[in-house]
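> Go by the hints and put chain B onto chain A.
Number of protein chains: 2
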Amino acid sequence: MKIIDIKDTVVPIRSDIRNAYIDFGLMTVSVVALITDVLRDGKPVVGFGFNSNGRYAQQGLLRERFIPRLKAAAPESLLNEKGGNLDPEKIWASLMKNEKPGGHGDRSVAVGVIDMAVWDAVSKIEGVPLYRYLADRYRGGKADEKVSIYAAGGYYYPGKGLEALKQEMQSYLDRGYTTVKMKIGGASLDEDLRRIEAVLAVVGDGGNLAVDANGKFCIEEAITYAEALKPYGLRWYEEAGDPLDYALQAELAGHYEGPMATGENLFSMQDARNLIRHGGMRPNRDILQFDCALSYGLVEYMRTLEMLEESGWSRRSCIPHGGHQMCLNVAAGLGLGGNESYPDVFKPFNGFADRVPVEDGYVGFPDLPGIGLEAKNEPYKIMKELVDS
Amino acid sequence: MKIIDIKDTVVPIRSDIRNAYIDFGLMTVSVVALITDVLRDGKPVVGFGFNSNGRYAQQGLLRERFIPRLKAAAPESLLNEKGGNLDPEKIWASLMKNEKPGGHGDRSVAVGVIDMAVWDAVSKIEGVPLYRYLADRYRGGKADEKVSIYAAGGYYYPGKGLEALKQEMQSYLDRGYTTVKMKIGGASLDEDLRRIEAVLAVVGDGGNLAVDANGKFCIEEAITYAEALKPYGLRWYEEAGDPLDYALQAELAGHYEGPMATGENLFSMQDARNLIRHGGMRPNRDILQFDCALSYGLVEYMRTLEMLEESGWSRRSCIPHGGHQMCLNVAAGLGLGGNESYPDVFKPFNGFADRVPVEDGYVGFPDLPGIGLEAKNEPYKIMKELVDS
Numbered sequence: 309m310k311i312i313d314i315k316d317t318v319v320p321i322r323s324d325i326r327n328a329y330i331d332f333g334l335m336t337v338s339v340v341a342l343i344t345d346v347l348r349d350g351k352p353v354v355g356f357g358f359n360s361n362g363r364y365a366q367q368g369l370l371r372e373r374f375i376p377r378l379k380a381a382a383p384e385s386l387l388n389e390k391g392g393n394l395d396p397e398k399i400w401a402s403l404m405k406n407e408k409p410g411g412h413g414d415r416s417v418a419v420g421v422i423d424m425a426v427w428d429a430v431s432k433i434e435g436v437p438l439y440r441y442l443a444d445r446y447r448g449g450k451a452d453e454k455v456s457i458y459a460a461g462g463y464y465y466p467g468k469g470l471e472a473l474k475q476e477m478q479s480y481l482d483r484g485y486t487t488v489k490m491k492i493g494g495a496s497l498d499e500d501l502r503r504i505e506a507v508l509a510v511v512g513d514g515g516n517l518a519v520d521a522n523g524k525f526c527i528e529e530a531i532t533y534a535e536a537l538k539p540y541g542l543r544w545y546e547e548a549g550d551p552l553d554y555a556l557q558a559e560l561a562g563h564y565e566g567p568m569a570t571g572e573n574l575f576s577m578q579d580a581r582n583l584i585r586h587g588g589m590r591p592n593r594d595i596l597q598f599d600c601a602l603s604y605g606l607v608e609y610m611r612t613l614e615m616l617e618e619s620g621w622s623r624r625s626c627i628p629h630g631g632h633q634m635c636l637n638v639a640a641g642l643g644l645g646g647n648e649s650y651p652d653v654f655k656p657f658n659g660f661a662d663r664v665p666v667e668d669g670y671v672g673f674p675d676l677p678g679i680g681l682e683a684k685n686e687p688y689k690i691m692k693e694l695v696d697s
Numbered sequence: 309m310k311i312i313d314i315k316d317t318v319v320p321i322r323s324d325i326r327n328a329y330i331d332f333g334l335m336t337v338s339v340v341a342l343i344t345d346v347l348r349d350g351k352p353v354v355g356f357g358f359n360s361n362g363r364y365a366q367q368g369l370l371r372e373r374f375i376p377r378l379k380a381a382a383p384e385s386l387l388n389e390k391g392g393n394l395d396p397e398k399i400w401a402s403l404m405k406n407e408k409p410g411g412h413g414d415r416s417v418a419v420g421v422i423d424m425a426v427w428d429a430v431s432k433i434e435g436v437p438l439y440r441y442l443a444d445r446y447r448g449g450k451a452d453e454k455v456s457i458y459a460a461g462g463y464y465y466p467g468k469g470l471e472a473l474k475q476e477m478q479s480y481l482d483r484g485y486t487t488v489k490m491k492i493g494g495a496s497l498d499e500d501l502r503r504i505e506a507v508l509a510v511v512g513d514g515g516n517l518a519v520d521a522n523g524k525f526c527i528e529e530a531i532t533y534a535e536a537l538k539p540y541g542l543r544w545y546e547e548a549g550d551p552l553d554y555a556l557q558a559e560l561a562g563h564y565e566g567p568m569a570t571g572e573n574l575f576s577m578q579d580a581r582n583l584i585r586h587g588g589m590r591p592n593r594d595i596l597q598f599d600c601a602l603s604y605g606l607v608e609y610m611r612t613l614e615m616l617e618e619s620g621w622s623r624r625s626c627i628p629h630g631g632h633q634m635c636l637n638v639a640a641g642l643g644l645g646g647n648e649s650y651p652d653v654f655k656p657f658n659g660f661a662d663r664v665p666v667e668d669g670y671v672g673f674p675d676l677p678g679i680g681l682e683a684k685n686e687p688y689k690i691m692k693e694l695v696d697s
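So the protein lines, in turn, are chains A and B.
When we follow the working numbering, the leftmost residue of the first sequence carries the number 309, and every step to the right adds one.
When we follow the working numbering, the leftmost residue of the second sequence carries the number 309, and every step to the right adds one.
Calculated from the structure, these hints are not laboratory results.
Hints may be right or wrong, so weigh each one.
Since the list gives no way to pick one copy over another, a pair counts as held whenever it fits inside one copy or between any two copies.
Claimed, not checked - Each computed DSS-like pair below joins lysine-lysine, with the alpha-carbon atoms no more than 25 Å apart:
1) 405 <-> 655
2) 315 <-> 405
3) 398 <-> 408
4) 408 <-> 655
5) 390 <-> 351
Chain A with its partners taken away, still in its complex shape (with noise of 0.2 Å):
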């Protein structure tokens, strides 16, 4: 067997939603096809992937690096040892070949989409889904059949009130959430905890509330939002300050009690491996939110899952950021805590299959060989025509 071509495409997840940082105006995701020889139904099979949000497509590093890298490769180099299927560490290290140590930025969502793809199209070859193709590989055959997911959302926009963002809360409850997840520090103090305020009369619970704050605070900020959001027991306090400063989340951690979660800015095994190591992450109740299409793909997070247990670390520490169904699948297969949803921004490539519910605050899976991409009908009509083009 062999990779027949690799196709790719950008595509806008344009929104007028911000968060404490960046506006999302003119935000891209890169889609890529990865067309094997294999044949199943009929048709030749061909592996997905794309990148969350946040970090943009990468049209121009895929072209000029990866893709040829790829297409340069001997074949014969990028199978598994039968030689029926493709090794995606092969692959792997054919993409990462001459490229220096450190700089985990932006090359690391270009191979993240690619590695996906692969992922997607081993485990059509194999005609099981990527979750329980990864449970029987690494996990002795244990999938979690559900996986806890959360809405994402409570961004800024223009004009956005209270009420607006009690609207927004209610309907994610009304889909099967009972996690949210809004933004801070986009406002003042006063304004987040009025913010804050509405969403809880909305959820409950502040166990049902997640609040992120994009890495926006120094240290004296996040000290002082801390001592603010202690009382409201939430679920946890997200990215208080940049997300290399270690330092910060050490010192934090000795003014906040309640969970913290980090790690959706760090992208590679080595990143994680310093928050793990210099951060004062707590094992019994922060969360980790590595994503792996940001982040060199599933390849380069099962490394850092492995770093996380030499460290003590369960992976159920792990809910990935991205909201996307690859995460989903690794959450699933591999035994993670949950993963991130998107339910109304970064359309189309937002949410999980379409006729599978949220239920309870779980989702789970179409009957599909793969990630299960061809579920979700919009992007996957993106996929289809990068395919026939």
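Chain B only, in chain A's frame:
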């Protein structure tokens, strides 16, 4: 005044050399020309920038995100208070609009290339060499008229034996260098020690030789090499382990009393700060090699210098990677400890002004406004063609 156009191109700097980590067979560099409407000697002032080796050209990111953002910015928003020149900080902020924190790789190169062109233009508009401009603006006029440099070479390449290595090093001495650097970690320890002894036979004192492992070693290998290197009293032992493995660096400091060096693969103030906080580096002997051309440019590098001074480090501990005239100007203008030089590799972007000789391990500047790129014929031909294209 305003920026009229920004052009970019990609140039190969392929070499048959390798270090312990990568081959340089397909290495490329981005070149940018920033064309202004300011006239000097009857011609528009053009600022030039390029990235240094090791991290590839960035045409994709430049064209997808950074050049469009700069072109879209209101021209007056990019000027200094008096309106007569560009403001590098304001341009930097405009480039980084809607970029999330963390993930410092690739985009740090794209921004570094533009930032270099901005400083070149700014000092050309002022009619002074960049190092003089920097000294006047940031250091009360105190500039170093020449900079200590060392010859970086000693790469592995097919068929290169000890005699060829010695000839290479002798040729550096013949060209005015006193200190040289060679690669280690791409061969066995025994072979590397033979290579080191061969080079010492040429350069004499161990203080004239630095060695560079390019991040190849795990902690055990790093310590094994440390023990073996000790007796030679080398100038420094560079990048033993992964550039983000601060714990390895800190542990290694307990096994090697001589100077160590690292930093060329840390691309932001935040990453540099983590090295200082967690890497066990010793301000009284170790060397910091952050390269602004790969790391969001001089605007970000000045944040790094500020962080270093707040942490008790002298600027003289900084000897940047990259071997280009930008860092040479920064070294002279802001009082760093020296600069790298590649006498023979990464052509045509290696080395400094054609007619300014290296003497006793120091090099000076041509009497030209800006970075001085016009005094280096081969790369300047490429830049000139880019402007006229």
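> Hints broken by the structure, by number, lowest first?
none
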